[in-house]
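Residue-level listing of the chains:
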Amino acid sequence: MSFSISLTVNGERRTVELDDPRATLLDLLRERLHLTGSKKGCDRGQCGACTVLVDGRRINACLALALSHDGADVLTIEGVAAGPDLHPVQAAFIAHDGFQCGFCTPGQIMSAIGLIREGQAGDDPERVREGMSGNLCRCGAYRGITEAVLEAQKRLAEADRRNAA
Amino acid sequence: MKAFDYVRPRTVAEAIAAAAEPGSAYLAAGTNLLDLMKGGMARPDRVVDITRLPDLDRIERLPDGGFRIGALVRNADLAHDREFASAFPAVAEALLSGASAQLRNAATVGGNLLQRTRCGYFYDPASACNKRNPGAGCDARGGENRLHAVLGWSESCIATHPSDFCVPLVALDATVEIDGRAGRREIALEQLHRLPGNTPELETTLEPGDLIVAIRLSGEAAAFSRHARYLKLRERTSYAFAVVSAAAALDIDGGRIRQARLALGGVAPKPWRARAAEAVLAGSVPDEAVFRRAAEAALADARPSGDNAFKIELAKRIAARTLALAAAGTPEQLPALPASPFSSAPGAHHAA
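Line order of the protein sequences matches chains Z and P. The opening position of the first sequence corresponds to residue 40 in the working numbering, with each subsequent residue numbered one higher. The opening position of the second sequence corresponds to residue 336 in the working numbering, with each subsequent residue numbered one higher.
One should not assume that every hint holds.
Each computed BS3-like pair below joins lysine-lysine, with the alpha-carbon atoms no more than 27 Å apart [what the hints assert, rightly or not]:
| id | chain 1 | residue 1 | chain 2 | residue 2 |
| --- | --- | --- | --- | --- |
| 1 | P | Lys-337 | P | Lys-373 |
| 2 | P | Lys-337 | Z | Lys-79 |
| 3 | P | Lys-373 | Z | Lys-79 |
Covered stretches of chain P, as calculated for chain Z (at least 3 residues, CB under 8 Å) [stated by the list, open to error]:
| id | region |
| --- | --- |
| 4 | 336-345 |
| 5 | 361-368 |
| 6 | 380-389 |
| 7 | 430-436 |
These are calculated hints, taken from the structure and not from any lab test. Backbone N, C-alpha and C define an ideal beta-carbon position, used for all residues, glycine too.
Make a model of the complete structure from these sequences and hints.
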């Protein structure tokens, strides 16, 4: 039996035929749409490398059944920059050495974008660390990651204030 | 992962009919089920996707001040619902101490109640497990079992129930609304999970096809909101299951405890209500001595199931400390590390 699902991925409408319901959203992104920025680390919801935004919320794409997300709006790391301009969270990760090998970085950045949208952490490093605890970094770049998230959050808030003025 | 058929019913009645067939499993967010299916611990022939069922994603305030929470409400949405969190702060704190932000954004209320144990032997298809394969034996008994149950366990199973959310819920007498082939019914959450006995494969009192549609907390339970806490000891600061946890809620009037609620997590095959401790507390002046006596009563029947005797004293200390935190008062703002006994500021009270 084959299933057809439609998703909006990084602003673009995509229709995918699935011949097996076992595909996760992560499999669909990587294997069918060739968006390999979202990483398959543990594939069990423990490492966060597969983090994407679905309908504006960060989730683990490895524990989401693709079929169950028919109609969803998905944002992956490939969709966050505006042309040549990096997303403020991407720029902050570079400025603060928020990575070493880079494998976890797409998930870290998508999780950070989700965290900032959730608006629960404020400028408290402890709350940022707690809010980012679903993303593991084996290189141990946590200090830079926390600094990057705090700075990106500040910049995004400033930009929001400018836009509102 | 074993192959399965996928169905997406449009109504609750369709869902119940589909799930009543042998080999069926309900799928909500899938944060636990897909993990179990990938590991071969769950092998459904048919997955019944309930995420599109209408009206199950609402948080409703009831006329008595209680709440009715649809089974598909996401953990994060419930924890961050201001009205809910101010009525039931220990429930919000428990939710925010569980899993990671990504998982809380996906995981549902109903799914949380029905999540499976994280016993390593249950999770390893190469190990003997009576829960996964009735009659096979239990490799946890002679294995790595320092985190296993000290209450309610049996010779056939020593696994613990991993939920944080269920601990304050069972303390506050939450009700579970179930729809099934025989129609609507409701039970106390305390009656949902079964003790293992000789049948550890039977984890709940649900019948085939039964669907949890909502849980309810009464306005009476909201009376504890000024003195309600959840405390959870983990082996790392965040994103870990409880070694031991406790939910405490006190109704204090005129310097005395009018009534108390206490439940424990991480120590038993189900969220563990400690009624003997509540009886010790009722009518007492809240102080360290009575909290310790209550904790002793809560663990009076505890016995180690392996290398885990330490959990008995640990649970007593966590219970007494949670009662002390509840007596001190619910904090205005949730701590940066919800439910954590640790603070990043040396010397600071963790809720300061």
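Hint check results:
no. : hint                      : in the structure
1   : Lys-337(P) <-> Lys-373(P) : holds, 8 Å
2   : Lys-337(P) <-> Lys-79(Z)  : holds, 20 Å
3   : Lys-373(P) <-> Lys-79(Z)  : holds, 14 Å
4   : 336-345                   : holds (count 6)
5   : 361-368                   : holds (count 4)
6   : 380-389                   : holds (count 3)
7   : 430-436                   : holds (count 3)
This entry satisfies every hint, going by the numbered hints stated previously.
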